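Between the sequences and the hints, there should be enough to build the whole structure, so can you do that?
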Amino acid sequence: MNPVRKRRLIVVSLIMLAVGVAAALTVFALQQNMTYLYSPSEVEAGHAPMHARFRLGGVVKEGSIHRVPGTLTTDFTVTDRFHDMRVQYTGILPDLFREGQSVITTGRMQNGQFNASEVLAKHDETYMPKEVADAIAKAKAAGRAGTRDRGPGTGTGVANSHGSDGSEQ
Amino acid sequence: MIPELGQLALILALLLSALQCVLPIVGAWRDNRPLMATARSLAVGQFVFVAIAFGILTCAFLVQDFSVAYVAQNSNLQLPWWYRFPAVWGAHEGSLLLWVFILDVWTLAVAALGGKLPERFHARVLGVLGFIAFGFLLFSLTTSNPFARVIPAPPDGADLNPVLQDPGLIMHPPVLYMGYVGFSVAFAFAIAALLGGELKSHWVRWSRPWTNVAWGFLSAGIVAGSWWAYSELGWGGWWFWDPVENASFMPWLVGAALIHAQAVTDKRGGLRAWTLLLAIFAFSLSLLGTFLVRSGVLTSVHSFAADPKRGVFILGFLAAVVGGSLLLYALRAPKVAGGKPFALASRETLILIGNLMLTVAAATVLLGTLYPLVGEALNIGRISVGAPYFGFLFMLLMTPLVLALPFAPLSRWGKADLALWKRAALRIVGLSLLAGIIGWMLGARGFLPLLGVTAATYVLSGTAIYAIKRWKEAPRGKRYPLELFGMLCAHVGVGVFIAGAILTRSLSIEQDVALSPGQTAHVGAYDFKFDGVAETQGPNWLAQQGTVEVSKNGETIVTLHPQKRTYPRGQVQTEASIHPGVFRDLYVSLGDPLGNGNWALRVYDKPFVRWIWAGGLLMMLGGFCAAADKRFRLRREAAETETSAVPVRAIEQNA
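Respectively, the protein sequence lines represent chains B and G. Just so you know, the working numbering puts 89 at position 89 of the first sequence, and the rest follows in order with no gaps. Whatever position you read off the second sequence (first residue = 1), add 1000 for the working numbering.
No lab work stands behind these hints: they were computed from the structure. Just so we're clear, the structure is a prediction, and the values are computed from it rather than from any experiment. C-beta: ideal position from N, C-alpha, C; glycine also. Check the hints yourself; a few may be wrong.
As the list claims (entries may be wrong) - Quick list of in silico lysine-lysine cross-link-like pairs, DSS-like style, CA-CA up to 27 Å:
{"no.": "1", "chain 1": "B", "residue 1": "Lys138", "chain 2": "G", "residue 2": "Lys1309"}
{"no.": "2", "chain 1": "G", "residue 1": "Lys1478", "chain 2": "G", "residue 2": "Lys1267"}
{"no.": "3", "chain 1": "G", "residue 1": "Lys1340", "chain 2": "G", "residue 2": "Lys1630"}
{"no.": "4", "chain 1": "B", "residue 1": "Lys6", "chain 2": "G", "residue 2": "Lys1415"}
{"no.": "5", "chain 1": "G", "residue 1": "Lys1340", "chain 2": "G", "residue 2": "Lys1469"}
{"no.": "6", "chain 1": "G", "residue 1": "Lys1630", "chain 2": "G", "residue 2": "Lys1478"}
{"no.": "7", "chain 1": "G", "residue 1": "Lys1469", "chain 2": "G", "residue 2": "Lys1415"}
{"no.": "8", "chain 1": "B", "residue 1": "Lys6", "chain 2": "G", "residue 2": "Lys1267"}
{"no.": "9", "chain 1": "G", "residue 1": "Lys1422", "chain 2": "B", "residue 2": "Lys6"}
{"no.": "10", "chain 1": "B", "residue 1": "Lys6", "chain 2": "G", "residue 2": "Lys1340"}
{"no.": "11", "chain 1": "G", "residue 1": "Lys1472", "chain 2": "G", "residue 2": "Lys1415"}
{"no.": "12", "chain 1": "G", "residue 1": "Lys1335", "chain 2": "B", "residue 2": "Lys6"}
{"no.": "13", "chain 1": "G", "residue 1": "Lys1630", "chain 2": "G", "residue 2": "Lys1116"}
{"no.": "14", "chain 1": "G", "residue 1": "Lys1422", "chain 2": "G", "residue 2": "Lys1267"}
{"no.": "15", "chain 1": "G", "residue 1": "Lys1267", "chain 2": "G", "residue 2": "Lys1116"}
{"no.": "16", "chain 1": "G", "residue 1": "Lys1200", "chain 2": "B", "residue 2": "Lys6"}
{"no.": "17", "chain 1": "G", "residue 1": "Lys1552", "chain 2": "G", "residue 2": "Lys1529"}
{"no.": "18", "chain 1": "B", "residue 1": "Lys138", "chain 2": "B", "residue 2": "Lys61"}
{"no.": "19", "chain 1": "G", "residue 1": "Lys1335", "chain 2": "G", "residue 2": "Lys1415"}
Claimed, not checked - With the C-beta cut set under 7 Å, the calculated list includes, among others, these residues of chain G facing chain B:
{"no.": "20", "residue": "Pro1341"}
{"no.": "21", "residue": "Val1360"}
{"no.": "22", "residue": "Gly1381"}
{"no.": "23", "residue": "Arg1382"}
{"no.": "24", "residue": "Gly1386"}
{"no.": "25", "residue": "Pro1388"}
{"no.": "26", "residue": "Asp1512"}
{"no.": "27", "residue": "Ala1514"}
{"no.": "28", "residue": "Val1572"}
{"no.": "29", "residue": "Thr1574"}
{"no.": "30", "residue": "Ala1600"}
What the hints assert, rightly or not - Label-pair distances were calculated between CB atoms; the ranges are:
{"no.": "31", "chain 1": "G", "residue 1": "Val1312", "chain 2": "B", "residue 2": "Arg86", "range": "39 to 47 Å"}
{"no.": "32", "chain 1": "G", "residue 1": "Gly1055", "chain 2": "B", "residue 2": "Ala52", "range": "54 to 62 Å"}
{"no.": "33", "chain 1": "G", "residue 1": "Val1374", "chain 2": "B", "residue 2": "His47", "range": "15 to 23 Å"}
See below:
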């Protein structure tokens, strides 16, 4: 083999090797670390995994925050205004965590409640994460189609949540 | 009236940039000297008008002209004057103007310092820069005008996001943008070379100092951002693999690869096409980063409220730049292949390994960052990719790079010298093991701390061995030219960074505790005594200020005062209190009040965390030093004889 060909072969095989290894590992790492976001309604409907980690998005329900005295454990309810999900978290909550504020929590289901290991609230208090807005819109659509018994009150519930976001300014 | 002048200045700058992108390139194509000569005056004119616009916006903030919508949204009467400067780039419109302004600073530098470049080449470079400025000025004027009025003017403005009211923010965006935008120069050089069909690779030497300086600034900007996140966000972390952090990190990775590929092309003539491609990628990733941050498609700490029109514009511009330059590359690059052959165990191979790892790492970061968007587009669901994905792959990809790093300077260009490798390997591995044993005796137990110590020593000792070799072999006065000194500096920075990153990760102690006044928390070897919370006041905030006395073995080390600030509009911002040290930081931040004077506190003991930023700053210094080497200073004669820049002769040849 002449030197040019030899060099090309080396370069090409190095690239192939790197790409192959990287592709395999990337797929593996992605599968391990991907988490999906669900709204309380989707969890209620059984779409969320029962034993794996996932993210729960929604609005912190007014009047639902309860601290266990003397500890860092907090209970609160995340709602999409159709279904509620009880969440428990131990640790320090973000600055912007408050009632009526949209949050994304990461964790898993335990005994019918969501055990969160991380709670995120946005840094800009007027801003609702797109994921949460979508989840609420989706729950709203599902609510209209499915749970007719809740009636017209449901629409205003969502509007209220936006209103309370805005009124904090 | 004055803000309208700012807008007028922007419109004039837009017109000048349109001329700057057309006239010089046509001039270079038709060999028309007067047309080519317009490039410099157009660049200067454009700079002047953008600077006027930027100055006017800054003035509007200083005098608090709330009739300007952007000022009204991001400032108020209580905002201290020193935070009115960063408020200029604290939100979308202003940060875009800063982008353009910094692009013009770079363009001005190229116009002023590149006078000795061949005329046609220089004209083309300025033309490409003019095109980029045109795109961004058009974007600014059509979708995000910073001078838009709000009539009637509100009596007081809203506020600058409290997260941004920190000294770190004054530095972070301008320095980061200097790096981000600086890659546009390397890009413009590459495109100019492709346009001109430069068969030789002299352009690479001309563009090297620019790449190094841009990369140095980008390193500094990332360090500033990381330090800001650590001290301001109150989470005690220094890197979160947040989409916007990734957006700045990808060009950095490709930029590091580009610096090394340019060295190979400059010295050996090899990897020419690869160097061109990297220059295109580095800037494309900068643009992609701008798209990710400014369009609001990804939710992150940095993204401002989304406006779909903006996203579409940047995406279109991105497609034009990336698509156009890759098409040009496909048409022209096959001609530029060449270079001297090299043996398997040569310096070229090692640099190539490093290049591959850096670019593959950038690709995996890109995949992880864009995956949620892909998931959403394909309706798979709303996915987020966790930090462990990035951390795991990055560690894995950097392992071969770190293993190869000390050997690259020690190897020879083109030829294998296995005996040299063997001698060096024995010493490096020996020293690393020794450091591991010493680390173990000093108390570094467990796999990760020992890995940190040995890996850092591996890089540092390898670099030291090369420095000593150089001292012995090179004649006095030529031992450490600046280019080589810069390389040593940056490589030492890698070693220091590795030590900081791995040791901080493995030795940190982080605890959330609930304390009542007078109670003490034991964290690691330290006692944190909580002395309650009192009210205090700043220029535009009220705060709950805690007092925490930190002691070790009964001896008081420091008293920390973490705060929870409340700003005029009710926004709450946690201010951590940090006792910095070379070997460890002690870090306390206030959580929530738990009633009865009890508070939740976040208490950290962070060993070696400063080494992370020290490493980054050493890399920055390396980039700057290397750029200052006299090898890169242009000599007119040399430049002219290399290409057909002498106009008379060029015309004769063409005729």
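Cross-check of the supplied hints:
1. Lys138(B) to Lys1309(G): The hint holds at about 24 Å.
2. Lys1478(G) to Lys1267(G): 18 Å, holds
3. Lys1340(G) to Lys1630(G): The hint holds at about 25 Å.
4. Lys6(B) to Lys1415(G): 14 Å, holds
5. Lys1340(G) to Lys1469(G): Judged against 27 Å, a Cα distance of about 26 Å means the pair holds.
6. Lys1630(G) to Lys1478(G): Given that 27 Å is the threshold and the Cα spacing comes to 12 Å, the pair holds.
7. Lys1469(G) to Lys1415(G): This hinted pair holds, its Cα atoms lying about 18 Å apart.
8. Lys6(B) to Lys1267(G): With Cα atoms ~21 Å apart, Lys6(B) and Lys1267(G) stay inside 27 Å; holds.
9. Lys1422(G) to Lys6(B): It holds: about 24 Å lies between the C-alpha atoms, which stays within 27 Å.
10. Lys6(B) to Lys1340(G): 13 Å, holds
11. Lys1472(G) to Lys1415(G): 21 Å, holds
12. Lys1335(G) to Lys6(B): 20 Å, holds
13. Lys1630(G) to Lys1116(G): Cα-Cα ~15 Å, so holds.
14. Lys1422(G) to Lys1267(G): 25 Å, holds
15. Lys1267(G) to Lys1116(G): Status holds; Cα separation ~21 Å.
16. Lys1200(G) to Lys6(B): Holds. Lys1200(G) to Lys6(B) sits at ~24 Å (cutoff 27 Å).
17. Lys1552(G) to Lys1529(G): Judged against 27 Å, a Cα distance of about 11 Å means the pair holds.
18. Lys138(B) to Lys61(B): 18 Å, holds
19. Lys1335(G) to Lys1415(G): Given pair Lys1335(G), Lys1415(G) holds - Cα atoms ~26 Å apart, limit 27 Å.
20. Pro1341: 4 Å, holds
21. Val1360: 5 Å, holds
22. Gly1381: 5 Å, holds
23. Arg1382: Where the cut-off is 7 Å and the nearest Cβ of chain B is about 4 Å from Arg1382(G), the hint holds.
24. Gly1386: At about 4 Å, which falls below the 7 Å cut-off, the nearest Cβ of chain B leaves the hint on Gly1386(G) intact, so it holds.
25. Pro1388: Holds, about 5 Å.
26. Asp1512: The hint holds - Asp1512(G) has a Cβ within 7 Å of chain B, the shortest such distance being about 5 Å.
27. Ala1514: Since chain B brings a Cβ to about 5 Å from Ala1514(G), closer than 7 Å, the hint holds.
28. Val1572: 4 Å, holds
29. Thr1574: It holds, given that the least Cβ distance between Thr1574(G) and chain B is near 6 Å, below 7 Å.
30. Ala1600: Since the shortest Cβ distance to chain B is 5 Å, the answer is holds.
31. Val1312(G) to Arg86(B): 39 to 47 Å: Given a distance of about 41 Å, which is inside 39 to 47 Å, the answer is holds.
32. Gly1055(G) to Ala52(B): 54 to 62 Å: For Gly1055(G) and Ala52(B) the Cβ distance comes to about 55 Å; the hint holds.
33. Val1374(G) to His47(B): 15 to 23 Å: Holds, at about 20 Å.
Violated hints are absent here; each numbered hint is respected by the structure.
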